[in-house]
Amino acid sequence: MGPIRVMLSDAGVTEQQWRVLRVLDENGPMDPTSIADQAVLLLPSLTRILQKLESKGLVTRIQSETDRRRQVVSVTPEGSALISANLEASIQIFDQLRMQMGEDRYDALLDLLSELNDLDI
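Throughout the sequence shown, residue numbering follows the working numbering, covering 72 to 192 in sequence.
Simulated from the structure, these hints should not be mistaken for laboratory data.
Be careful, since some hints might not be right.
Unchecked claim - Quick list of simulated restraints, FRET-style, between CB atoms:
{"#": "1", "residue 1": "97", "residue 2": "141", "range": "15 to 25 Å"}
{"#": "2", "residue 1": "162", "residue 2": "113", "range": "24 to 34 Å"}
{"#": "3", "residue 1": "114", "residue 2": "174", "range": "33 to 43 Å"}
{"#": "4", "residue 1": "128", "residue 2": "102", "range": "15 to 25 Å"}
{"#": "5", "residue 1": "118", "residue 2": "77", "range": "39 to 49 Å"}
{"#": "6", "residue 1": "127", "residue 2": "97", "range": "15 to 25 Å"}
{"#": "7", "residue 1": "165", "residue 2": "136", "range": "18 to 28 Å"}
{"#": "8", "residue 1": "137", "residue 2": "78", "range": "36 to 46 Å"}
{"#": "9", "residue 1": "134", "residue 2": "108", "range": "14 to 24 Å"}
Ideal Cβ positions, reconstructed from N, Cα and C, are used throughout, including at glycine.
Generate the whole structure from the sequences, applying the supplied hints.
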């Protein structure tokens, strides 16, 4: 994770903030519970992360038009620009990791992490 942390530090975001931005950028506007599930974060942690991202102008939160008790979170153009500016570096880091580990071991690692995420603990 060292190279990723350096890249994200240079971009001014944490690993968790990056995950939230990527989830929103890939899936479009979402409610916080769905974001937490997709980004593998606890909802209380996500609340703090969204506050920080909103203060940086990287996401917006609005009330749902269909259910006033719910929020809808969207990535802003600035958030999308941050992702675009750093996506190639992120891909290169993971490509290098895949090359160093070997395709089979890398795929096995991703499968194991997915299984771990799916456990009811």
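Given the hint of 24 to 34 Å, is the C-beta distance from residue 162 to residue 113 inside that range or not? holds, 28 Å
Does 15 to 25 Å hold as the CB distance between residue 128 and residue 102, or does it fail? holds, 21 Å
Between residue 134 and residue 108, does the beta-carbon spacing fit 14 to 24 Å? holds, 21 Å
Cβ separation of residue 137 and residue 78, checked against the hinted range 36 to 46 Å: holds, 38 Å
Between residue 127 and residue 97, is the Cβ distance one that fits in 15 to 25 Å? holds, 19 Å
33 to 43 Å as the expected CB spacing between residue 174 and residue 114, which holds or is violated: Since the Cβ atoms of residue 114 and residue 174 sit about 35 Å apart, the hinted range of 33 to 43 Å holds.
Consistency of beta-carbon spacing, residue 141 to residue 97, with hint 15 to 25 Å: Given about 21 Å between the Cβ atoms, the range holds.
The hint says 39 to 49 Å between residue 118 and residue 77; measuring C-beta to C-beta, is that right? violated, 27 Å
C-beta pair residue 165, residue 136: status relative to the range 18 to 28 Å that was hinted: Given range 18 to 28 Å: violated, Cβ gap about 37 Å.
In this structure, the hints that do not hold are numbers 5 and 7, in rising order.
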